[in-house]
Structures are given as C-alpha cells and as structure tokens.
Amino acid sequence: MLLSSAVCRLSFIALCGFTAVLSTSFAASPPLHQRIDEIIAAGIVAPPTELADDAEFLRRIFLDLTGTIPSPEKARTFLKDVDPDKRIKLIDELLAKREHFQHLATRFDVWIMERRAEAHVKSPGWTKFLEESFATNKPYHQLIGEILAADGTDAKNREAARFYLDRLGEPNLITRDVGRLFFGQDLQCAQCHDHPNISDYLQRDYYGMFAFFGRTYLFQPDKKKPALLAEKAIGGGEFKSVFTDVEATSFPQVLHSKVVFPDPTVEPGEEYKVKPDPKDKKIQPIPKFSRRDQFAKAATESNNPAFNRNIANRLWAQMMGRGLVEPLDFHHASNPPSHPELLELLATEFATMNYDLRAFLRQLALTKTYQRKFEMPMQLTRQADDVKAKIEALKAEDARLMALSQASAEALGEAKEAWNAARKIAVVPEAALAVADKKRVAAAEAFTKSNDALKISTEARAKVVAKTLQGKADANLPKLEADVIAKQKAADVAKAALDTAIAETEKLKPPVDAEQKKVAAVTATLDAARKRYDDEKTGWKLAQRKLQDAEKLIEFADAVRESEPALDKAEQLAAELATVKRESEARSKLAAALKTAADSTQAASAQLIDDDDLVVAASVLGDRSQMARAKSDAVAKTLAAKKSEFDTAESVAEKLRENKATTLEALTDRWADAFAVGSFTQLTPEQLCLAMLQATGEDEKYVVAGDADFTKKLAAQEAAKAKPAPKPDPKKPAPVELKEADRERHVRDYVAVKIDATTKRFISLFGGEAGLPQTDFFATADQALFLANDGTVRNWLRPSGENLSGRLLKMEDTDALAEELYLSILTREPEPVELASVKDYLRARGEKKSEAIQELGWALLSSVEFRFKH
Amino acid sequence: MNSLFEQEIARRNFLGSLVTGGATVAGLGAFVDPLAAAKLASNQKRMLVIRMMGGLSQLESWDPKPGTDTGGPYRAIPTSVPGIHISELLPHTAKQMHHLGLVRGINTKNGDHAKGTYMMMTGRHPMPGAEYPEIGAVVAKSMDTSDVSLPGHIKVAPNGTGARSADSAYLGPKYASMTIGGDKPLANSVRPTDLTDDAELARNQIRNLVNHQFARKRRSAETDAYVQSFEQAEELVKRADVFDLSKESEKDRQRYGSHDFGRQCLMARRLLENEITFVQIRHNDYDSHYENFNFHHEQLGEFDKPFATLISDLQESGMLDSTLVVVLSEFGRTPKINSRYGRDHWGNAWSVCLAGCGMQSGFAYGKTNDNGTEVIENEVDAGHLFHTYLKALGLRSTSKFEIGGRKFPIADPAFEPIQEILA
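The listed protein sequences derive, respectively, from chains A and B.
The numbering of the first sequence is my numbering, which starts it at 1 and goes up by one.
The numbering of the second sequence is my numbering, which starts it at 1 and goes up by one.
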C-alpha cells in the first residue's frame, strides 16, 4: 500500500517532469531514435552498412519483439506492402501483441532468475506475473520495486518474491545478484577486499548493499507451509579487508547513492515488534525497523544513475545484440561503455519517460542502428583511403589522453594511501569509544536493574508502613527499611557508575569526531581523484578504440590490395586451365575417333584384301590417327604443366583468401562493437524452439486447437447463462467471465502449456548453467545429435495436413515450393542459385519427394542462418 | 544460373583433389592427418578421478593405525615400497604401491558432504554467490587442443545417457561433463532406422551448402563452432563404440569383475585409451556411521582388485606416464569409533592416493599423529591438491582463464602446488 502510493507520487512527479520536458526542450530536440543514431554515427571511423532489406528487418523484429519468426503469410503480406511507413506500423503492431508480453516475460525471467531451480515459488506463476505486468505496461521501476519489496507473506503477490525466495534468502547471494542484475555491477571480489584492478569496486560499497540484506534469512519452520523472508534487528554490515586488515562497518547505502540508512535509536531490548523466541522457532520475528524494506524504495525511486544505466544497457543489448557495456553485469571504470554519452542519454531518457518499456523499445526499434544490414559494407578498401588521411590526428589525440589518464592514476594512488592512513589513525579512538560505549550500555542496564529493585523494595515497605498506620504492626519493617536503604545505596552507586561511563564516552567523542572529520576530508579528495581518473581513462579508451578501428581497416585494405595480383593470377590461370582442358578434351576425343575409324577401316581392309583404296584409306587414317594422338598427348602435357602452375598459384590464393576471411572477421567484430553493422547473435533456447515450431507449422496446429477451445468455452458459458444459476460454492472462487477480447490471451496460454515440455528440452540442451549469465554462445555435439536424430524435430517435419511439409508435398510447381520453403524457415525468398539447388535436389531424389522435402526442411532448420539472429 | 550443386560439383571435378580446404564443405576426413594425430596422442595428457562416495576411512585404507585406541580391528600390511604400510583390506593395491603415492596430511576442516565435495572438486572454499568449475571442466578446457574431438569431460555412472551436468560454471557448457553408462549408447547417437545412408548424406550436403552460402555474408567463431558441433556429432555416431563396454574382450571383463565398479574401471581404461581428456568414476557407500568395519571390508574388497588391475594395465601400456590418477573422497572418517561401530564425518586428518603423470611414485607425504587425530607434518588443504593436479598435468596453476572480458584464476590463488611430490 505504502509502496504503491509512493509510486503514484513518483509517477506524478515524473509526469510533471515529462510534460515540462515536452514543453521546453522536447520541441527543440529530435526524437530519441534520431539522437541515438547521431551519437552512433559520431563513433564510427568509416560509413556504416546500409539499411537491411525488408525480409532481413522482418525476421529480426519478429524475433526481438515476439521471440519467434513470422508465418509465411505474414512475411508475404509485409514484403508486398508498399506503404513507406510499414516498418513503423509493424513495430507498433508487434508491441501490442500477447506474444510480445510473453516474450518479454521470458527475457526478464531468464535475466532475473538465470534459470535457477524452482525452490519456493512456482515458475509459471512468476512468469505470468511478469507477463501481466508487461500487458499493462507497468513502469519498469515499479515492477522491480514490487519484486524487491516482496517477502512472500502477501498471497496476492507471492510470485514477485521469487527473486529472493528462490535464492533461499542468502544475503551474500542476494547482495551480489542485486548488484549484478539491477545495478550492472558484479561486486563479488569486493566481498573480501577492494577490487585489486577495478578502482570503483570497493568493499565498503559491497557492505553498504549487504547491510540491507545481512539481517535477512529464509523462514520456514513448517516445511508444509510456504517459506517467507524474515529479518533480524541486529548485525549485518561489518567487514574486514583480507588485504589490509582494516575493519569497518557499513550502514545500508545503495550503490552510487549518498543516502545512508542508519538504524533509528531504540532502547536495548526494544528492537522488535515481534521478538524472536529461541524456544519457539515458529514465531517469525518482525523488527521495528526493517532494513530490507528500505531497499526497494531506495533502489527504484531515487533516480539512481547505476539503476537506470543497467536497464538501459540491458534493453539495448536485447535489441542490438550486445550491450554498450559488456559483460552486462560488469560496468566499472576500467570497462567503460563503448558509447558513454549514449548510455547516459538512454538512461536519463528512460527514466524521464517514466520507465515506459513499450515506448523505449519502440524508439530502439526505430533507429537506423537497429535496422542495419548484417553484412559488412562493400567498399571497405575505398573507405580505408579516406581514413588514412585522418590517422595522424587520431594518433595525437590518443597520446594526449593517455598522458592525462596516467597522471590522474598517480594522483588516485596518493589519495588512496592518504585515506588508508587516516582510517588507520581514526580506528584507535573509535575502538576506545566503542569499548567505553559498551561499558555505558552495561552501566545503563545495571542502573535500570537496581532502580527496578529499589522500586520493588520501596513498594514492599510502603505496604507494610500502610498496615502499621492502620495499627497492624509488622516485625519485618526494620528489615524492609534496611533493604530500601541498601537498594537506594546500590542505585546511587549504579547511577554514579553510569554518570562516570557517560562522562567517559563524552570525553572520547571529540577525538573521534576530529579524526572522522579528517577522514571525511580525505574521502572527498579520494572520490574526486577517482572520478577524475575514471573520466579521463574512459576518454582515453574511446580515442584508443577509434584509432585501432582505423588501423585495422587500413591493415585490411592493404592486405586485400597486396593479395589482388596473386588472386588475379590464380583466376587467370584457372581460366587458361579451363581453355586448355577443353582443347585437351576435344583433341583426345578427336584422336579417339580417328583411332576407331582407322581401326575399323583396317579391319575392313583385312577382310576385303583386294580393295586398294581401302588400304590407302586405312594407311591415311592410321597416319592421321597417330598425328592426332601425338597432338593430343602434347596438349595433355601442356595441360599437366598448366595444372601444376595453377595448383601452385591456387594454394597461395587459398591461403590469402583464408587470411582475408579471418581479417574480415576481426574487422566485423570491431564494426559490430561500434554498431556500424547489423547485430548478429544466437537465438535463445526459447527463440530457437518457438521459431522451429513456427517454421514447421507445429505452432499453427496448437493455435487452431486453442482457438477452438476458446470458442467451445465461450459457447458453454452462453449455454450456462440460459440455465438458472447454480448456487455459488463459497469454497471456490467465482468463475471469471470470458469475453471475446480474451481470445488472444487464451490461445497463447493454451499454446504455452502445450509446448512447455518441448521448450524445457531445448533449454536443457541450448541453455547455460543455472545461476550464471545466459548470454554466452556455445555449441555442443549433443545439441547437433538432438537436431539430427531425435524424434522431436523430425516429427515436426513429417507431412501432415497443413503443416510445412504437408503444404510443400501438395505443390507441383517447384518454384513455388522453394519459395514457400525459404519463406517459412528463413523468412526470405530464395536467391536464384538457391532456387536452382532446391530444384536439383528434388530432381535428384526423384520419386522420394516426401523424403526430399523433409531433408530440405531439416537442412534449413539446422543451418547457421536459422540458428542466429541477424 | 547454375545451382549451388552444379557449381560445387563443377568446382570439385575441376580442381580435383585440391578442394579439401573449404571448411564447411569438406567432410571430417579432410582434417584428420594421421601423422598429426599420432603426434598429438603422445603429448596428450589425461586425468582420471575415482570418487569414493560418502567419505572413505583413511584408517581402513591409506593411513592405518593398528593397535591404537582408534585403529579398529584391521592390520596394516607392507607394500611394494619398503616402509609404507596400508590397510590389509587393500592387498592388491599394496603390490602396486611403487606406482602410487599417498598424501596423508589433508586437513580440509570440513565434515559436510556437499561442502567437502565442492572443496575437493573445485579446490575452493565455498562462498555464497560464487560458483567455480570442477577439476574436470578446468582440465578439459585447459587441454582442449583439437577442434574436432570427442567430449573432454566424462563421468561414468550407471544409467548415464550422455546428459550434460552443471559443473563447469563460467567455463561454459562446452566443458561440462557428460555422464555415460557404458551399457547403452549415448542419447541420439544412433541414427533412426528410417534414415538411410543416402538420405543422411544428402541432407547434410545441402546443410553444408546452405552454410557455405551464408558464410559469405557473415562468419564468426560462433558460426564456425555451430558448424563444427555437427561434425562432432557425426564423429560421435561413428565412434559410438568408444562408449560401448561390450566391445572389450571377455577376458578383460573377467579381470575387472562383473560388478559395477569393475565395469567402471574398465570403462575408464577404454575412455582414456580413446583420448578422452578427463574421466571420473565412482564407488559408492563409504558413509559408514554404522558398522564402519563391515562396510569397508565389503566395499574395499570390491575396490581393491579392479583398481590395482587398472593401475597395472595403465602402467604396462605406458599410459600411466601421461595419465594422472587420483582416488579421493569428500572427507575422511573420525578416528573415534562411535557406539554403533561406526566412524563419522572428519575433514581434519585424512588421505588421498595419487599416481601417474607428473607425480613421483612410491611416496607417502605428510604425517598424522600416532592415533590419527591430527596432522603433525606437511599439512595440506583441498586447494593445494587442486594446484598439484594441474601442475602434474603440465599446466601453470597460477595462470588465468580469460572469459568474456573477465579473468578467472584457474586455481584458488590462496594456495600453491605441493612441489615435493611432483616429478
């Protein structure tokens, strides 16, 4: 309740901010997608690739927004459409589809849970929670706020607690993953010490975050009841460096935030609303002040720059194939974004648009950067010439910035030493104060106790005195009097001890304050030095990258030019060899023909002994045959020589070609880093599975069944309305009334259930290890064996009704067949050479058309082109 | 326009035998130069881990203390190495002692099955929020020399079908173990009966052509790896025999014994002979909280002969020089005998046995006191052992893996190898 009202308030403020932006700067500045393209263009040394054609764009946008490829009908309609705005319209259409919400839910689930095993929260409920959040376009920070605030107690949003509960409430794991997943920083090393190589990964930052969760633990006294998160009221945040042995305590503090959340002062023993009871483990303790509760708001509602950058980078990576920061959870000064200005723009804009996922993804999809061709530009060598002219300037800039960042690195080292020294001095009075304070607390407790005892004694005496006054003398009175005096004395002693202890702590406070002030001063210097160093190093790295891009391009162009004569020679020799070969074949044929003629004439002449003409003819033919043979042999010799010459040249050329391919590959990687060429990434296991189901027509089968199911349920509902209403069962929730508008969701839910087992199979083969980032590509033999020999994919390819193979089998025209095949699987028309190949293949397989179709389908599904998004 | 087929066929005929270099077109055979393969084999090092599940008692095996309050009923017997005695439950192993070595001063300070296993398999102390790869993945990745080969990380267990385990952490699933059974083929490694040789050839040919066509547009390490995974699959199908124990001779099967552990040992030999980089087998039921002595009598009785046979076979074939063998548990067992004649979990003073590649032989390193309650000489932790394995295999245990822009030390930098026992 509290959270949601806070969110409302924040949204309101954000909205005000947004309208303010609208009325002032927005009118002046172009839309976000254009600003993105401008920044990208500035970081590229040579012109980028052109825009992708419609088919390439179509496959890419479908995979990115719906997690699958389009149907062949959809592809055909889109490719034929002449509307110049058809891409924008398609983007908007897809962003409103149920498949988009499901796809986003999958992406978020994989990112946030990293395929961890289901432990305390059911995975389907969790993904449904995400899906519904996207269906209503819940602002991102609100969604994460709900996840980070959930503790599993409220049945209504128990699913949201999966982040914590399925990490078993483990504070270090939660701290690390909150840092990695929501702030883009893997602080694991800082658990034991400041990161040795990364200047901004500090142990005090780790423990500032840890302090929010250090008191949290999984609470499940009864295994039959759902697990919850519980929290203690003490501890969490103390640390000691294994490098320097310096000890310290962090109070809760969100990364990159100056706001600290100290515990409010409470009397000892008064920390809990519900106290833990060592004897009764079933009592869930509730602290008066929950540190974890503070975190959800502090992290998501404070416009924290790291929080904003993290999500901007992740959404960018989802669309563009790689993050501006890579790895996605390793953002630090020595690993700056490839485009710092762009990341800053994306982060602030996303926050300004109130974390509107749909609007943000739309802007990314509209960029030229997103829509580029995935092939490298054709005129790289010509581009290299232009770049050569700029190379000296690039070198000078690189050298200048390197010198700057070296100087600031030294300054940082000095500031660090000063800080450590100051801390070391401050620790002494701090420790003394801590000891004195402990004594003070003990003295206070002793005083309270003796005061209580005095109170009891005084009350006991008062009772007896009252009785005495009524005339009932009591022999105990003197004893009680003495007891009160003794207790009073004890209380006085305790009070004196407390006063002394208080005075002692007060005396010790000024030196602590003085030292802490000194520390604060050096901390400020240290922070400034660190910022300067980080900024300058970032600047230098950028200049360095651009220079290297230029050098690599020139290197590539030079290599290509140098290899040209050798390649030309090989090509020329190939042509010559072909000519000689043709001649040789003709000569050899001729020689053979003459030989046959000579032989048969000879044979005839042997039978007709008297025919002189025949003898002459045989003789002439014999001569001619021998001459032809000699000529043929000579040409064959020339052929052999040519062949050997060609072989030598070709082996040189082959090496050069291979070398060119490798260099081009390296250059492509650099271009991809600069977003100068369209992205190229693997399909996720889910995308691969869905795309195969779509391509083979298997998905359509479930869609039709799901649609029929919905129609049936709707009809049953209408029929039930006609009858008198049955008495509502109080135990069961009232059935939700179906409406025609629910059809799409119903169908997609139906399909999701049907394909669940298959999807899991794909995940087990193509997915990464649980608890680790899921973005790395790997290819193993068991995957290939699954595609090749397992029944799953082969069954999808068996002709049946209107599935892909079924449709292809019915087609007589092979042109149409090839087109349907390519459009269904690769979302594009076959090129002429591919069309010819399909025809060839079908011809070669002759009668076995059904087998041939399945083999072709399998080959395309197993191809590199299908396995990747491009 | 010529079709891809015609172009390709023309090119092949035209260039004759020259066309073998087109990576995506040429079959597997084109890559395998027999001479190069032989050269590789001689340098190739391997590792075998034998896990004694539940915690082998050091007192009934490698470090007996007969005649003391903790010693139990069994005697110690002399071995082929003068001065080294082991439990009488291992008579065959004792005869191989001159090929083996013992580390007797292990103190992992840990008595939890999961934690102990984690420490011994990763050489790291468990830390919440951090995952490290197992030794098999580290070795498979470090030794990954050839592009097309059988998987490098294999575990043997009854009913294994080739499924991948989650044990390679940041090294990625490529180096995760495959668990095989030995009595049935790997999943999907047998071609379906309705898929003829011709059809298989034809469909792969067209797949290659499609890939070849695409490589002109974009090629990367990832696309190459994907293409290669199909070649690896093909290789697995062709060499399915490697995983089929029934291909071993009847005589060998008898020598190793018909029980599960004997079969696993023979399978291990077979896999190592076939150049698998890392093999792990297991022997169950050492968690003897009750009746420790009966259990060890029974289990080690099963273990002793096949293990000794395996060591002797590896030695005779010369493979032991290039194969590191380690017999380990998650921990040892308490010197104190409990009221049920059992021994409990104990990580404070226990032993492992090592042999082969890069190691000295016939040694006993480290020492426990008279009744085995503490280490008194050359104490080591799981991390030292982990470094030692890597060093023995010729790897620099202080080097780092570089993965996705991050550096990971291949072994815990807080430890170092045990130099004294390395060859």
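The hints are simulated quantities; they were obtained by calculation from the structure and are not laboratory data.
Warning: the hint list may mix true and false statements.
So, partial list: chain B residues that the calculated Cβ filter (under 8 Å) puts toward chain A [what the hints assert, rightly or not]: (1) Ser189; (2) Val190; (3) Thr193; (4) Arg218; (5) Phe408.
Partial chain B-side listing against chain A, Cβ under 7 Å, derived [said to hold, decoys possible]: (6) Gly67; (7) Tyr74; (8) His212; (9) Glu222.
We put the beta carbon where it would ideally sit given N, CA and C, even for glycine.
Hint by hint, which ones does the structure fall short of?
Numbers 3, 5, 6, 7 and 8 - these are the hints that the structure violates, sorted from lowest upward.
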